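Q: Residue numbers (UniProt numbering), protein chains in the order written: chain V, 1 to 331; chain D, 1 to 331.
In case anyone wonders, no lab produced these hints; they're calculated from the structure.
A quick note: this is a predicted structure, and the numbers were derived from the prediction, not measured.
Glycine included, each C-beta is placed from N, C-alpha and C at the ideal position.
One or more hints might be untrue.
What the hints assert, rightly or not - Simulated pairs of lysine-lysine, DSS-like, Cα-Cα distance not exceeding 30 Å:
hint, chain 1, residue 1, chain 2, residue 2
1, V, 105, D, 267
2, D, 104, V, 104
3, V, 105, V, 267
4, D, 105, D, 267
5, D, 104, D, 267
6, V, 267, V, 7
7, V, 104, D, 105
8, V, 105, D, 104
Unchecked claim - A few chain V residues facing chain D, derived, Cβ under 10 Å:
hint, residue
9, 100
10, 118
11, 126
12, 129
13, 151
14, 187
15, 246
16, 286
17, 290
18, 293
Protein chains: 2
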Amino acid sequence: MKLATLKNGFRDGRLVIVSRDLARAVDAAPVAATMQAAIENWSTVEPALRARYDALNAGALADAFDFDPARAAPPFPRAYQFIDASAFLNHGDIMERAYNLTVKKTPGVPILIQRQGDDFRGPCDDYAFPSEDDNGDFEGEFAVVLDDVRMGVGAREALDHVRLITIFNDVSMRAHLFRELSMGFGFIQAKPAAAFAPVAVTPDELGDAWRDGRVHLDMHVARNGDWFGHPNGGEMDFGFGELIRHLAYNRNLGAGTIVGSGTVSNKNYREVGSACLAERRAIETIDHGEPRTAFLRYGDRLRFDVTGSDGQSVFGAIEHRFVAPREGADA
Amino acid sequence: MKLATLKNGFRDGRLVIVSRDLARAVDAAPVAATMQAAIENWSTVEPALRARYDALNAGALADAFDFDPARAAPPFPRAYQFIDASAFLNHGDIMERAYNLTVKKTPGVPILIQRQGDDFRGPCDDYAFPSEDDNGDFEGEFAVVLDDVRMGVGAREALDHVRLITIFNDVSMRAHLFRELSMGFGFIQAKPAAAFAPVAVTPDELGDAWRDGRVHLDMHVARNGDWFGHPNGGEMDFGFGELIRHLAYNRNLGAGTIVGSGTVSNKNYREVGSACLAERRAIETIDHGEPRTAFLRYGDRLRFDVTGSDGQSVFGAIEHRFVAPREGADA
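Bound-form chain V, shown alone:
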């Protein structure tokens, strides 16, 4: 099943069910008016939503309409908890090598980063940031959305709470990142709003590509129309089950909690490229002694997309433009 939120002038938007081919949509109300309402009552509402999804795919709904990603909000326009990970250790290894960093990791303990749950941006929204000197960057990531998870959950049981999967661009401002990282308290100015794909899907939509708590699909990233990378999500060193177990050690996770994977990164990066500028710049630094790829410039266009085994886009694409504050609708 595929779900999206359309902008309607209210903060939480309007929940719609989207056809498998992303062409058509239909209102989810009166089953659930918003994504948050759906996830809080998932076991109750899921069968009714799924029946409507099947009818939509069969072309049997008279009230269906064309789905326009440009009108989409993020699937969850806001969340009470958003935690990102850095679960592809290859990414950290490259960064540490290039910049002579030492991150004091504990073996077996994942890196998790508490993030803000509001100010999320839709897949096609212009993205304003204050200055090119902030060294703007992107990170292509997978994310899962949970229903209620109780403190102390195990890694296997945790995966039963993964109700939806999507992708996002974890926009990063590298000029602030090392300063905040070296201070130790996590990220504020280094990690402004994240932008999400138009659609979140139930795990069954991925078929065999969802296994071991990982999405075994390529994250296709393009900058200004040029290929940038297509690393695979299956190479996570910690699966989402392990990430959730670590998180839930001494806290309950409320329905609608979003957990990110960290920027997708593969050991064969010379063939598949990267999903963020910082990693490519680090590789260039290792190879040539200096970075050759520029950070984000105003006017840059980015595209993130994941295709399934049928060649179709799974989540719809994030396709957005980075702009100066005055140009942007959201600044």
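Following the hints, position chain D against chain V.
A: Chain D alone, transformed into the frame defined by chain V:
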């Protein structure tokens, strides 16, 4: 005006207006059913809420009832964004001296910490944590709640968005803190759920004690009935206006964003004590070469209260007990 949320079996509870002396309450509906609904529409709903508050204080409301803090949820049972600060530099200075730490601060830049916005605990809820070996601790803090703040706001204008003020216990697990701090990505297991006072108040309730973006009142902390400290909130090295300006540099802050002060800490700590165990233990380490005060034990009772110039409790007290997981209602 004083507002609280009563538990009613739903996640966001039921918004009530509480009398100045905290004795009586009345439903805020139909003006606003929940705290989040109120803060999102503050300019519209505030006059009607205030009229009802005046009538409640005058004893003129037939539908008023006794206010019972034990039935209170946190004023905001959950929030889309919760950021804590460490704005009393005296606290960090003591910690760095005792443990030979060096936090790489940038002059003029406040320490801010992104935190989870769900799993908040009410003022009298038993608080379960997995193990005494986690070195449980408390931190008495002030917090402000904002309506919508746009990216780029200045420090003075930021204060116009402070709509409510409250206090909370920033529960901390010190066994995880140095590990997470030295890794650099912020706190996960070191900072589980926060517990809030029963009541949030509008700034005018504090009179002259709210000035310069600081609460100039003492935070009274007691452990198992014994005085622990009463440091004053006026000594923040960064006011809430400066904290919000730094936060909003490249993000919008949605209505209902909660910003914490950091543990209240004063330079004359020998007279006024501390608002957290770690600071007292650090002072003991400086004085005697070792800490003498134990971290939280199951069964410990904590109390946090702030009184105004009239000797009345401003926010009501946080009075809770720390328990093993099986005993606790929330574990």
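Q: All the hints need checking, so say for each whether the structure fits it.
A: To see whether the hints hold, each was checked on the structure:
no.	hint	verdict
1	V:105 / D:267	violated (35 Å)
2	D:104 / V:104	holds (16 Å)
3	V:105 / V:267	holds (19 Å)
4	D:105 / D:267	holds (19 Å)
5	D:104 / D:267	holds (21 Å)
6	V:267 / V:7	violated (39 Å)
7	V:104 / D:105	holds (19 Å)
8	V:105 / D:104	holds (19 Å)
9	100	violated (15 Å)
10	118	holds (4 Å)
11	126	violated (13 Å)
12	129	holds (6 Å)
13	151	holds (6 Å)
14	187	holds (7 Å)
15	246	holds (7 Å)
16	286	violated (21 Å)
17	290	violated (25 Å)
18	293	violated (22 Å)
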